[in-house]
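Modelling step: build the complete structure from the supplied sequences, incorporating the hints.
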Amino acid sequence: MRARPKALRAKRRYLLVRILPPWREVGQKALYLAVNEAVTALFGDVGAAEIEPAVVYSSGEYAVVRCRRGAEDDLVVACATVTAVDGERVSLRTVATSGTIAALKRRLERDEGRYEPEEARYGENGVPAFRYGRHKVDVLQENIKGESIVFLTDSEREEI
Amino acid sequence: MAYADACVHPYPSGDTTAARLALEARACGFDTLVSTAGAGEFFGVTVVKGVLVRGRNPRDVARSVRRAPEGALVLVEGGDDGFNRAVLSTGGVDVLRGMHRAPRRAFDFVAAKIAAERAVAVEIDLAPLVAWRGRERQKVLGRYADLLGLQRKYGFSFCVASNAHSVLDLRNVRETVGLCGLFGMEEAEVRAALATVDALLDREGPVRVVT
Chain G
0 MRARPKALRA KRRYLLVRIL PPWREVGQKA LYLAVNEAVT ALFGDVGAAE IEPAVVYSSG
60 EYAVVRCRRG AEDDLVVACA TVTAVDGERV SLRTVATSGT IAALKRRLER DEGRYEPEEA
120 RYGENGVPAF RYGRHKVDVL QENIKGESIV FLTDSEREEI
Chain A
0 MAYADACVHP YPSGDTTAAR LALEARACGF DTLVSTAGAG EFFGVTVVKG VLVRGRNPRD
60 VARSVRRAPE GALVLVEGGD DGFNRAVLST GGVDVLRGMH RAPRRAFDFV AAKIAAERAV
120 AVEIDLAPLV AWRGRERQKV LGRYADLLGL QRKYGFSFCV ASNAHSVLDL RNVRETVGLC
180 GLFGMEEAEV RAALATVDAL LDREGPVRVV T
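Those protein sequence lines, which keep their order, are chains G and A. Numbering that gives the first Met the number 0 puts the first residue of the first sequence at 0, with every later residue one more than the last. Numbering that gives the first Met the number 0 puts the first residue of the second sequence at 0, with every later residue one more than the last.
Everything labelled a hint here was simulated from the structure, so no lab data went into it. Even glycine gets a Cβ: it sits at the ideal position worked out from N, Cα and C. Hints are supplied without guarantee of correctness; some may be wrong.
[Said to hold, decoys possible] Chain A is nowhere near these chain G residues, computed Cβ spacing over 10 Å in every case: (1) 1; (2) 5; (3) 8; (4) 45; (5) 48; (6) 59; (7) 120; (8) 124.
[Unchecked claim] Reference excerpt, derived from the structure (chain A facing chain G, CB under 8 Å, subset only): (9) 16; (10) 129; (11) 167; (12) 171; (13) 178.
[To be verified] Rough simulated footprint, nothing fancy, chain G against chain A, three-plus residues with beta-carbon under 8 Å: (14) 8–15; (15) 130–137.
Laid out in structure tokens, this is it:
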């Protein structure tokens, strides 16, 4: 099928979202399903059809989410109600809105890529920890309920 | 304008320390946090002590409010209509919270008038709007819309709280404006509500004799 002429195409807007915690690996399809569920839960099927949410790009801690022009504020709110992707607790922070994917990808140059855990020692035990930004440290702990994360700053690592 | 998150729950209630919450809140556009555990100044963000008061009757609440440390923000969990009216009339109460959990008629025009006269703010809790789905969230949206109608008529203040137990529960100012817009709040109203905590902290108290 031939592409429509530019004047007849629906205008789109693209949101750059940051996935927190940034070391969590989130698949593009799982993210799409989570965003779609959030939009449908908040605005219903009719609203979701008007917003047309889709995840068009995902790399590391960033993703680009598409919507119809004029619906970007609704999509920001829907992204704010995403609390988990594929069963893992995450949060989506909207960083920027643009009319092109290329403009958002230029912001991705600061993406630090894949995070590798380092070992942090707490008393006798060594536990995996992720350090990012200037002061942020996320420590993974195993307890009777399974794995939990403790979010710290570098100055507090000794106190916990 | 200085924006404040009216209630967060750092470690040990939550999984994030007060300093880390402050660091993330700064990135979200806030410069004051009201914390139920810990206080201080972290990364340029002021973390103010908040005291959560839950009481079975107004007398319990009044006793707990009297014991609250000086300079702390006193947040009282609401109940039914009689309880709320009594709590709002109690001196020293800064914020009435939990109105989305209270019965439908718990905050009526009488309570709204008292809240406006006594300068007690009513908390808008973002956590149920973010985390809940379906009928439960619809009920919360309806309750907040009712409160907004009373607020516009009687002029008491709102304050907005994420009630975050984790950095993942914090939302930035733009998202807060959008979430409050779901029940009809205008952007200017949300920004005024985000600035309410500063006014509550600078509240004029009774004159004290210093010897």
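Against the structure, the hints come out as follows:
1. 1: For residue 1 of chain G, whose nearest Cβ neighbour in chain A is about 38 Å away, the distance exceeds 10 Å, so it holds.
2. 5: holds (30 Å)
3. 8: It holds; residue 8 of chain G is separated from chain A by about 27 Å at its closest Cβ, greater than 10 Å.
4. 45: holds (16 Å)
5. 48: holds (19 Å)
6. 59: It holds; residue 59 of chain G is separated from chain A by about 18 Å at its closest Cβ, greater than 10 Å.
7. 120: With a cut-off of 10 Å, residue 120 of chain G remains clear of chain A, as the shortest Cβ separation is near 18 Å.
8. 124: holds (18 Å)
9. 16: Status holds, d = 5 Å.
10. 129: Holds. Min distance 5 Å.
11. 167: holds (4 Å)
12. 171: Constraint on residue 171 of chain A satisfied, holds at 6 Å.
13. 178: holds (6 Å)
14. 8–15: This one holds; 3 residues, not fewer than the three required, reach chain G with a Cβ under 8 Å.
15. 130–137: holds (count 4)
Consistency note: the structure conflicts with none of the earlier hints.
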